[in-house]
Amino acid sequence: MTSVVQAEEQGLSGEALSGQAPSLGPQSEGSVAPGDATATGIAGFDEGTAGSAASNGAPRHPTRSSPRRRESSLIWVGWIASLAAVAAVTAVVTYGLVRLAPVESSHGAPQIAALEPESTTTIPTGWFGVGASSAVYEFFGLTLFETTTGFYGTGGDCFTVVLTADLPEDEEAAQNGYSTSGPVYSGCRVGEFPATVSLAVDSASPPELRERFPGAALQFVKVDDQIGVFLGSLPSD
Numbered sequence: 084m085t086s087v088v089q090a091e092e093q094g095l096s097g098e099a100l101s102g103q104a105p106s107l108g109p110q111s112e113g114s115v116a117p118g119d120a121t122a123t124g125i126a127g128f129d130e131g132t133a134g135s136a137a138s139n140g141a142p143r144h145p146t147r148s149s150p151r152r153r154e155s156s157l158i159w160v161g162w163i164a165s166l167a168a169v170a171a172v173t174a175v176v177t178y179g180l181v182r183l184a185p186v187e188s189s190h191g192a193p194q195i196a197a198l199e200p201e202s203t204t205t206i207p208t209g210w211f212g213v214g215a216s217s218a219v220y221e222f223f224g225l226t227l228f229e230t231t232t233g234f235y236g237t238g239g240d241c242f243t244v245v246l247t248a249d250l251p252e253d254e255e256a257a258q259n260g261y262s263t264s265g266p267v268y269s270g271c272r273v274g275e276f277p278a279t280v281s282l283a284v285d286s287a288s289p290p291e292l293r294e295r296f297p298g299a300a301l302q303f304v305k306v307d308d309q310i311g312v313f314l315g316s317l318p319s320d
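FYI, my numbering numbers position 151 of the sequence shown as 234, with every residue one higher than the one before it.
DEER-style ranges, computed between Cβ atoms:
no.	residue 1	residue 2	range
1	T173	P193	41 to 51 Å
2	T231	L317	30 to 40 Å
3	P297	Q194	18 to 28 Å
4	A164	S281	51 to 61 Å
5	A287	T204	19 to 29 Å
FYI, nobody ran anything at the bench for these hints, they're computed from the structure.
Cβ atoms here follow ideal geometry from the backbone N, Cα and C, with glycine treated the same way.
Starting from the given sequences, assemble the full structure and let the hints guide the process.
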């Protein structure tokens with residue numbers, strides 16, 4: 084009995100002296116023994132190194148956009164380009180519609196005279212709307228005078244053109260009517276547009292006018308107390 088105990092004590096002491104821990108039992112397959120530096124180190128490297136690489140922003144494989152995403156981007160770019168093209172075409176068409184060709188006054192016809200009021204010609208008051216203070220003008224067998232109304236318009240700044248040969252001789256004749264043997268023209272100011280009369284020099288015109296301006300077109304424009312005369316041509320037959 085004593086020898087068995089001594090033997091066990093010697094065995095324990097031998098294990099203690101060798102620096103190895105006593106075995107606690109059979110180890111299961113795949114288990115890691117305490118103090119196994121090789122196994123512990125590999126496990127630590129796999130976990131710690133991978134974690135630190137992720138946390139430190141280590142480069143990863145670049146992500147690639149899918150073909151569907153690229154196709155969607157191309158569709159958006161094409162749609163925006165088509166809108167820009169439509170806007171450009173619309174702007175050009177609108178500009179073409181809004182742009183107006185300049186039109187010169189009297190179509191560039193030269194001014195040949197500026198008529199001033201005549202003091203020697205008297206027209207009975209009331210004839211074709213002439214007043215007691217109406218200004219009277221003369222031009223190659225035509226008489227022009229201020230009126231308060233016109234045949235084709237109303238206003239306070241109108242004038243009428245008649246043949247001088249058709250003027251009544253006295254006020255009594257004027258009160259009997261407005262009969263004339265020749266044409267009568269009239270025009271009135273409308274807003275910023277001056278009173279204007281245009282006529283053709285033809286067989287109904289007075290002889291002196293036909294002789295001076297045969298086959299011509301004349302335009303009379305009243306501005307304040309003057310009447311400008313513009314010369315044009317008639318279309319050939």
